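Participant: Letter by letter, the chains look like this.
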Amino acid sequence: GAGVSQSPSNKVTEKGKDVELRCDPISGHTALYWYRQSLGQGLEFLIYFQGNSAPDKSGLPSDRFSAERTGGSVSTLTIQRTQQEDSAVYLCASSLALVTGTDTQYFGPGTRLTVL
Amino acid sequence: QKEVEQNSGPLSVPEGAIASLNCTYSDRGSQSFFWYRQYSGKSPELIMFIYSNGDKEDGRFTAQLNKASQYVSLLIRDSQPSDSATYLCAVTDTGFQKLVFGTGTRLLVSP
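Chains as they are written, first to last, in the working numbering: chain L, 1 to 116; chain D, 1001 to 1111.
Derived from the structure by calculation, the hints contain no laboratory data.
Given the structure is predicted, the values throughout are model-derived calculations rather than measurements.
Don't be surprised by glycine CBs; every beta carbon is placed ideally from N, CA and C.
You may find that some hints are simply not true.
[As the list claims (entries may be wrong)] Chain D is faced by these chain L residues, among others (derived, beta-carbon under 10 Å):
#	residue
1	E14
2	A31
3	V89
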């Protein structure tokens, strides 16, 4: 595809329910990142994938959050037993994972999650 | 804890003026520096990146980096109302790693 795509664009759920957010990176981009942006806040890193492995999960806020990536492409971020503080825009980005030069990340449109 | 600091603004400039956006970072190991533009309700859009000390120009935009002072800036010449947005500064260590973002500076360009 031309850019990073994410689905759904909006998700409203009740407290305690599980949600799955999907990210489809730019074709050929081996690195994939999840960030979270709460209202009026900066972007907060959650997890990074290189291929199907996640070398850096340091930003996941609790064990209710998990993510996987299959086939080196699509990634799913799962939030179990959602809480109201999980309400935010979840952004996915991808990059070529350049080892020389500057590797640039391109963002998808985001999923706005609202936990009631 | 790596930190990136930006003045939240809003920075108000008249149309046609130069807008100057500033950013400081705490980690001396930071290697690459990025400016993203974010319109309200939209996702961040990459404007420029810089990794060498000095200036880098692209159209109306100039990024400036001073690693000794741990300072990076973005100048927007001939500002237009369509430039009104939040500008996010982001830094990374080396290669393909997470970006650490500032909270952004809101720019308002008045006609």
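Participant: Next, verify each hint and record whether it holds.
Facilitator: Now the hints, each set against the structure:
1. Because the smallest distance between the Cβ of E14 of chain L and any Cβ of chain D comes to about 24 Å, over 10 Å, the interface hint for this residue is violated.
2. With its C-beta approaching chain D no nearer than about 5 Å, A31 of chain L sits inside the 10 Å limit, and its interface hint holds.
3. Interface hint at V89 of chain L: satisfied, since its Cβ lies 8 Å from the closest Cβ of chain D, which is below the 10 Å cut-off.
Going down the numbered hints, you'll see the structure goes against just number 1.
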